[in-house]
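Engineer: Protein chains in written order, with UniProt numbering: chain A, 1 to 378; chain B, 1 to 378.
It should be emphasised that the hints constitute simulated quantities derived from the structure, not laboratory data. Do not rely on the hints blindly, as some may be mistaken.
You can't tell identical chains apart in this list, so a pair holds if it fits in one copy or across any two.
As the list claims (entries may be wrong) - Listed below are the simulated DSSO-like cross-link pairs for lysine-lysine, each with C-alpha atoms no more than 27 Å apart in a straight line:
| hint | residue 1 | residue 2 |
| --- | --- | --- |
| 1 | Lys92 | Lys20 |
| 2 | Lys48 | Lys23 |
| 3 | Lys147 | Lys298 |
| 4 | Lys378 | Lys151 |
| 5 | Lys147 | Lys378 |
| 6 | Lys151 | Lys126 |
| 7 | Lys48 | Lys298 |
| 8 | Lys378 | Lys20 |
| 9 | Lys48 | Lys20 |
Below, each chain spelled out in residue letters.
Protein chains: 2
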Amino acid sequence: MDSLTVEQILEDNVPEQQLKTVKRVLYGREIEALDLPPMEKGLQCELKGYKLGGAIAEQLRAPRVVKVAIIQHGLVVPTSEPIRVQRDEIHKKVTKYIEHAATCGANIVCMQELWTMPMAFCTREKYPWNEFAEDALTGPTTTLMVKIAQKHGIVIVSSILERESSNSDIIWNTTVVINSDGRVLGKQRKNHIPRNGDFNESTYYMEGNLGHPVFDTTFGKIGVVTCYGRHHPLNWLMYGINGAEIVFNPSAIIAEQFETLWGVEARCAAISNSYYTCAINRVGTEVYPNAFTSGDGKPPHKELGEFFGSSYITAPDGTRTPGLNRTGDGVLIAEIDLNLCRQVRDLWNFPMTRRLDLYSRELTKATDPNYQPQIVGK
Amino acid sequence: MDSLTVEQILEDNVPEQQLKTVKRVLYGREIEALDLPPMEKGLQCELKGYKLGGAIAEQLRAPRVVKVAIIQHGLVVPTSEPIRVQRDEIHKKVTKYIEHAATCGANIVCMQELWTMPMAFCTREKYPWNEFAEDALTGPTTTLMVKIAQKHGIVIVSSILERESSNSDIIWNTTVVINSDGRVLGKQRKNHIPRNGDFNESTYYMEGNLGHPVFDTTFGKIGVVTCYGRHHPLNWLMYGINGAEIVFNPSAIIAEQFETLWGVEARCAAISNSYYTCAINRVGTEVYPNAFTSGDGKPPHKELGEFFGSSYITAPDGTRTPGLNRTGDGVLIAEIDLNLCRQVRDLWNFPMTRRLDLYSRELTKATDPNYQPQIVGK
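Just chain A, with the same shape it has in the complex (with noise of 0.2 Å):
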């Protein structure tokens, strides 16, 4: 695993005149770095921050200013420690994080997919890891998330394992929305379940069923695409058409062939929905107590493959971040004017220009059995 971040390698090696091209065409237009109060000493966490920009003044609507944080972080002790432990100690840990950013002024918070415990759907054993599994509202992670987001006045967006008890002991991956006051908005459930290699989650738990709800939280609308719905453009669109202005992916992706893909998907949907997004990774290798094998014909092994971190926040323009390191934990802050949204809508117009009618007629079609592509032969 390389350490170094692309945009780390760039700034090391480009001229500066060039390194300005090179932003612009990878990263879009310039932007500000912000000046952050520094982490208490001993945290092992990389703090970053900038102004995304990008929005005019607009004549009869006030700047909406809002800062978003976004946390990636690796487990913090072993995976065979008891499971009370694990949790506990990441909590102690992104507790921290959480709060510092809130000293930052963040205002909305989000961490990386199922924060509280190991990605272990690799290693396809149910237990210890289901226990992981908790109720949405009375858990302890939400519990937690509870209290703080009441303390700073802070919205927490909440990635974890749900258990619902009273509906057939279901498992889910759920993500709960805290509004700045402590209360629990509501939830989301992952729309899209992977189904590929160590992604195995879809022996775990099924389809969310929750649609795709926009939350009106203090500090703006919100949706969250968790994870592989990242693929899936039209579990991006129908946030944007139910109103969000910052879609969350809380996400974990390791680094064999999908690098390539997170700097892209994410970012287009942004482009696409105009629409802020922010895209967040875990970090480290994961290591299991029992082998297990990834269905590449290759040997058992205990180890997971290096989550690459890499967060990174895009604004409706396609302007972004650089992202966050690769290898260890870190913060993101990113100023936006949630105004953007609608100036990029009225310039680019691509929400006018989509033609809803014309797809829900075709996708509507396409999900016949009996289907016929429109096909011209040869």
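For chain A, the structure is supplied; the task is to place chain B on it using the hints.
Structural biologist: The following block gives chain B in isolation, referenced to the frame of chain A:
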């Protein structure tokens, strides 16, 4: 305008080992350059070729290797010259490029959007520009392309301004697909029309009425997303649903604001739909006889912003070629195996997990003017 491409700047400045990292993250798998016969002397045209690779050898299906060529070019004579001269000179020049692509073994060739004319819609003048419009079947461009297709046994994808004389003289932005035997397989009309700045096309022609046809050519199933249709994931999706293996995106796009989108959208479409995409842009600054304004409060001027070329091809797994140059004519050839489409679909399961039934219902609801977005209030 910077003349160097990002790829050139990276190659010139980043040390070998780090360059590997940068390329892996930004461009995907390592790809080989193709050894191609040089252009005839006197032609000012870049020639590049790559073997995109990535497909495994299957037991029951032979590889389906084809060579795709995309061509970017600028105007030949000033826009003040007679229409016929402007078109003839472009015909002459581009014919040489197509024939050289055939010499290189190309099976399918596609040029940029409206490749026979300037992007004169910025002027908002209907004459003389509408005189570039021609019959899609019997006009001078299709007549010429049919001959070349037949002579070389190649498929040609040709984007022209269409005059539909049999239907109230309506104008369309149309792409004609000619099979390797010289037969016109059919045509596609641009589905999404821009309404911004100098891309004032919506006063010249309307949204296409031909759906999302996939043309089953001698060398694979192909679709066409014309320029601005690139911003619409549903447009790309329907070609995927209809079975496209390669989707061409003939475009005309200028640098200001849009260059940072260029590498994202067609590439994301290749990933989301597990097919090849070919993004083709024109080059050069076009100058018009009469000054015009651009809807941005700036003074009248005669130049349209500079088209930045940078045409590129992406494989279904997100691996992409470097771009052609930013300022001059170019031919890019990619050797691809169409079998990779199905292999990536099997590997990543994006089509199987896309839940079309859910979205056809949701989009149908969303097209109702009384649609109530799914918003969870504070």
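Engineer: Hint by hint, where does the structure go against what was stated? Just the numbers, ascending.
Structural biologist: Going through the list in order, the structure violates hints 1, 3, 6, 7 and 8 and respects the others.
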